[in-house]
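Novice: Chain A is already provided as a structure; the job is to place chain B on it using the hints.
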Amino acid sequence: MNQPQKTREFRQGIPTPHPSPMTATPPLPAISLEKVTKVYRNDLFKKPMIAVNQLSMIFPAHACTALLGHNGAGKTTTIRMLLGLISPDEGRILFEGDRLQTEHKQFIGYMPEVNKLPLSLTCEEVLRFALLLHKNPHQTRQPWPTNSVDQLIHSKLEELGLVTQRHKKISQLSKGLARRMAFAQATIHQPRLLILDEPTSGLDPAAAHLLETLIQKEKIRGTTILLCTHELSHLVNLCDEVNILKKGQLILTSLANHGDSSLQEGGPRPVALSPRTAMAVSKTTPKDLETLKALQNLPPWDHIQVTANLRPPGDQQQVDLEFVDEAAGQRWLKSLVENGFMVTHFRRSIGFRPDEIYLYFEKDLSRSPQDVHQ
Amino acid sequence: MFINDLEKLWTLARETLILLRRDKVMVPALLGSLLISAFANLASDWSVEDFQKILFDIGYFGFSVTGTLMAIFWGTKILSDSRQEGSMEVHLAAPIHRTTWILGKFTGLKLCLFLVLCGFLVLWQGLMLLNDFGWMTAKQLLLFLFMYLGWIVCGALGMAFATAAGQTTALFCTLCLWVCGLASASISQTLSAETPETTKIVVQVIARLWNLGQFSLIDSVVGTAPLNINDLGLRLAYGVLLVLLFLTVACLVIRKRDLVAAS
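Protein chains in written order, with the working numbering: chain A, 18 to 391; chain B, 56 to 318.
Excised from the complex, chain A in its bound form (with noise of 0.2 Å):
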């Protein structure tokens, strides 16, 4: 078997750019499935449930990528099976371009969705056994040095700031202090690709901000991130690319530029992150409204690939209008302009916002994949 380290050199906490979308060059791949589907088939008497259908999904390092989708939807199956936790029926996952195996999971952290730490251990005694049961990565196949292990376990208590903690047991501490000890638990070994399950479902909003700062550190860097939520803040704060997944099923994806052609083939529409031109138009008047109504005649409207947060004139004081095409975002300026609009303010963005585009696509989440293929 390959083993991971040859192909690729440990991190060694070396921040790694993210390339950014507009970068020309696809990034590899961390972690991809192919055609992967999986069936439960648990109850005799009931239907054999398809979790998820023929899902082909890649990863790329060192970026942050969301999993999104209602209840339901096949995300935690999906994890599962890139953890090893449950097998797929068909297809298969890749791990840096080889199989998945077992000495893969070296290089993976995972923080599950509820805390699922032995509550009658210490938070250094969990610690400390997770590092144990994870190889030395600088020495791939020598064990931690004891020395080594305590600078390590003390080093992440410090960063968490959980040092007064060290001897408490699991049990006896508070929901976001758990949180942040499975976040611990799973960077303690410090993996290549992290896999974030609800990483603050139900913590007050400073225990949050708070982990989505560690994570925002894990992400700076160089950490691969797949990241199952449901916050939109998220997508916003911490990720780069998006996947939206409906009855087991792909029915977007932000990575159409990265991925591997033949993962598009009858597959989810992709959407591109494109450079937009955004303008914010203020204290319109209804007779300005018609004009703009007018004006959204002109060419080249059908340029506009996604229109996510497009609101038609109404009896806003505002109007936002965003672009995909730069250019057609400059003529629209210029006609505005000239027909007595007062623009406030006119900026250029990088992209459409993972959040923007879950909003966009939220509506499809009810529809069946089919519908949003054609």
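No lab work stands behind these hints, which were simulated from the structure alone.
Restricting the straight-line Cα-Cα distance to at most 25 Å, the calculated cross-link-like pairs of lysine-lysine (PhoX-like) are:
{"hint": "1", "chain 1": "B", "residue 1": "Lys311", "chain 2": "A", "residue 2": "Lys52"}
{"hint": "2", "chain 1": "A", "residue 1": "Lys192", "chain 2": "B", "residue 2": "Lys79"}
{"hint": "3", "chain 1": "A", "residue 1": "Lys185", "chain 2": "B", "residue 2": "Lys79"}
{"hint": "4", "chain 1": "B", "residue 1": "Lys311", "chain 2": "A", "residue 2": "Lys63"}
Specialist: Just chain B, lined up with the frame of chain A:
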């Protein structure tokens, strides 16, 4: 690779040992064994003859039952709790083979039962000194070591059931089989002449395959039954084979199963 797996197995065993040591059942079990010792001592004092036999019969029976129940309870609990709490999911998300995980848990269980055995031995020695029976002989020590083997067999059986079912089901099935194992030999020996031949054969086969009486040397230690090295070797081999069988079943089941935490 093998060394690596052994290290992980040892890590899991240590974790399991700590978890079981802190388990709420531990203190009541030790207190229970203390009560059994006290009761055995009182019964021995009140009797008019065979003081040592009564002390051994009651004490051994009490310790054996307490230890076996703990082994069964912990054997099912360590797997069910891991599934229930989800720590199994976290463990197996690490680079651990499922077989290593089962063996690690089993080693932890064995270590914890050994601690319990040590506690029982200390109590027992205290009891013997209290009754002026002196230090334990090698034979008496063997009695406890085979009792420990019986616990391990029951623990492994509990684990095998717990890989396939929830704790309640596993506990129920293991307890039923434990009672069968205790009674099988006696039933086989007391079958009447009118018993149909087929029934006799079935009962005898069951009694040969599943006889927990093999781990009790009480008749040889305080009774008159002979005890030779061949017999001990066979009993030991029987115990080891049963443990291997149950662990193999547990490993096969867990390798095939989709591991989904109950929560």
